[in-house]
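**Student:** For the record, the sequence lines run as chains A and B.
When we follow my numbering, the leftmost residue of the first sequence carries the number 1140, and every step to the right adds one.
When we follow my numbering, the leftmost residue of the second sequence carries the number 228, and every step to the right adds one.
Watch out, some of these pointers could steer you wrong.
DSS-like, lysine-lysine: derived pairs with alpha carbons at most 30 Å apart [unchecked claim]:
#1 Lys271/B to Lys1329/A
#2 Lys1302/A to Lys297/B
#3 Lys1438/A to Lys1305/A
#4 Lys1367/A to Lys271/B
Per label pair, the in silico range of CB-to-CB distance [what the hints assert, rightly or not]:
#5 Arg384/B to Glu1291/A: 31 to 39 Å
#6 Lys297/B to Leu1311/A: 16 to 24 Å
#7 Ser358/B to Ala1295/A: 49 to 57 Å
#8 Lys1367/A to Lys297/B: 40 to 48 Å
#9 Lys1392/A to Glu240/B: 52 to 60 Å
#10 Glu353/B to Lys1367/A: 53 to 61 Å
#11 Lys1452/A to Arg232/B: 57 to 65 Å
#12 Lys1458/A to Leu390/B: 41 to 49 Å
#13 Arg1411/A to Arg384/B: 50 to 58 Å
#14 Ala1323/A to Arg383/B: 43 to 51 Å
#15 Leu1507/A to Lys297/B: 48 to 56 Å
#16 Asp293/B to Ala1295/A: 25 to 33 Å
#17 Leu1311/A to Arg298/B: 19 to 27 Å
Derived from the structure by calculation, the hints contain no laboratory data.
Cβ coordinates follow ideal geometry from the N, Cα and C atoms, glycine included.
Each chain is listed here by its residues.
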Amino acid sequence: MATSDSNPNPPQDPLEEILKSARWPEPTGMERNRLEAQWESLALARFQSRRQLMRWTLAASILLAFGLGVGGWVILGPNPPKVASNVTPPQLADGPAPKPQEPQFAESLVWTPTRYEAVAFQMAVKRHHRVHRSPQLEPLVNAFNTLLEEPESNAAELCLPLKDQKAIYERLILSRIGQWNRTAQLAGVKVLMEIGSPQAIPVLDSLSRDPEFAKHAWPVALHLAPVKVLSEWAKTGTAGQRKQAMQKLLSLKEDPNGLNTMLHLVAIPDTRELAVSIITAAPNPPIEQLFVYLKHGTKEERHTAGLVLGQLKNPKITKELLAIARQQSFPPEVMLGLLNSSDRDAAKFLKQAKHNPSARTAVQLACLEWELISYTSLFPHPLEIH
Amino acid sequence: MTLDRLVTLHLQEALQLAVRLSGRTDSAEEIVQEALLRVSKSWKSFRGEAAFRTWLFRIVINVFRDWLKKRESIASLDGLENPLADKRAERPESALMRQEFQEFVAERVSALPPRQREVLVLMMYEDLTASETALVLGISEANVHSTLHIARERLRRELAPYLVEK
């Protein structure tokens, strides 16, 4: 198998050169000095608190010892041990702790409260307002009124003013939508499509018990669902829901968990056929990403990627698989891909492989490993555990 | 080596990482300030199971993510909305234009979606391996490779007018 490769692009890739030339603003010495001064003051605070703790610990233990000594005198009677009666109370440090020396920097470089503290204060103010003042409801009411009067209005535009406090508005809608009439619920669902989060899914699910309303609620739920929920629907929904959930997973181009979950669904016997058909029927199947999984994934990811690549029925893919097979002594996941390919070159290779002991063994190993993967796919996937 | 020495040794790298992630020096300073605070509070939890640099980078990344949430950053959307065809889009000929172009490329990198940005910056500019990057970000190596690929392809599309095959 190829070793971990931080640069999968060919050596003369012009992108590499351009990216390496990227030039960010350089921090001046001032930032560094301020940060060093901040660290110094944090270190000093840690030192002082440790020193203070040690002082108190020392004082407490001395007081305890003194107390025990006095107690011993009281208990033992008028002839206490001489040592105890002669003990002098310890001299605790007088006054406050000595003032630490100012760091030896020029005055302009001494750390002064900067943006961090200002931001912290602003956040505290915002938090206070959030707790003690209601959100402004006007933008939400405006959006709703418009959608109620003109259902064909552009919900995306209407909901733009709601983005700043979308979590609060969403909570308001979800706490009330069950009591609204159907028209208002439809407007609510349109707003949730724009500002909603996965929090809305249980409520949408309960409203979807009405099949008529489900037509409107389901697309919103699909839009909002995270990968974990989509994975569940891909296994347990109706036929239509399973298909749409898988299509949504595959469409998450910027989230590698989408394809990762699809590959897991390929491993599971019950969802394999549908998952493979969704990937192979996609207008732009993620071929390059599949090759990345083929080379760098876990065992399950490598094998499922191999299988899907084989099923894509693309001569260029077959050529690439054959090249890897020959260069890397027939990795089982690549052999699995070739076994699943209907390409003539793949068939020819496999026919010849029967006479090659290494290749034959690799094919048998591929089949065995695939059986094992199909079995272990029935256990929870890491993405589903958290 | 003492904690103070370790922090001093890696402070510049932490600051540079924050600049590359946020795209600005003032934001980077804010991020590293908070990171130092967290280091000061939680240094006892560092058991030396990873390099200090990796541990520090993990803290910087976490602070960066919190900073993004606070800002409700639309940096990634900026990347989509800002047209590439501006006056810097001419092929850089002079040294000044080259510098502007290099800054432009840096802006594109800092405008990637957060996860892609983190992976690309750590692997390409901080020279972490895939396994170190996976450790810093708390994801699998396969995820690192996949995300790196997505990030590169995105930048390839955005920078297509400037790519010349050699």
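**Student:** Would you mind marking each hint as holding or not holding in the structure?
**Tutor:** Now for the hints, and whether the structure bears them out:
1. For a cut-off of 30 Å, the pair hint linking Lys271/B to Lys1329/A is broken: about 49 Å separates their Cα positions.
2. Between Lys1302/A and Lys297/B the CA atoms are separated by roughly 14 Å; this keeps the pair inside 30 Å, and the hint holds.
3. For the proposed pair Lys1438/A and Lys1305/A, the alpha carbon gap of about 41 Å is over 30 Å, so the pair is violated.
4. A C-alpha spacing of about 34 Å is found between Lys1367/A and Lys271/B, which places the hinted pair above 30 Å, so the restraint is violated.
5. For Arg384/B paired with Glu1291/A, a C-beta distance near 34 Å keeps the hint of 31 to 39 Å intact.
6. A beta carbon spacing of about 23 Å between Lys297/B and Leu1311/A agrees with the range 16 to 24 Å that was offered as a hint.
7. For the hinted restraint 49 to 57 Å between Ser358/B and Ala1295/A, the CB-CB distance of approximately 42 Å leaves it violated.
8. Checked against the hint of 40 to 48 Å, the C-beta distance between Lys1367/A and Lys297/B comes to roughly 26 Å, which is inconsistent with it.
9. Taken as a hint, the range 52 to 60 Å is violated for the pair Lys1392/A and Glu240/B, whose Cβ atoms sit roughly 32 Å apart.
10. Taking 53 to 61 Å as the suggested C-beta distance range, the pair Glu353/B and Lys1367/A does not conform, at roughly 30 Å.
11. Evaluation of the 57 to 65 Å hint for Lys1452/A and Arg232/B yields a pass: the beta carbon distance comes to about 60 Å.
12. Between Lys1458/A and Leu390/B the Cβ separation comes to about 25 Å, which falls outside the hinted range of 41 to 49 Å.
13. Checking the proposed 50 to 58 Å range against Arg1411/A and Arg384/B shows it is violated: the Cβ atoms sit about 32 Å from each other.
14. Look at Ala1323/A against Arg383/B: about 47 Å separates their beta carbons, and that is inside 43 to 51 Å.
15. Separated by about 52 Å at the C-beta atoms, Leu1507/A and Lys297/B satisfy the suggested range of 48 to 56 Å.
16. Separation of Asp293/B from Ala1295/A is about 28 Å and conforms to the stated range, judged on CB atoms against 25 to 33 Å.
17. Judged by the Cβ atoms, the range 19 to 27 Å given for Leu1311/A and Arg298/B holds: they are separated by roughly 24 Å.
Comparing the model with each earlier hint shows violations of hints 1, 3, 4, 7, 8, 9, 10, 12, 13; every other hint is respected.
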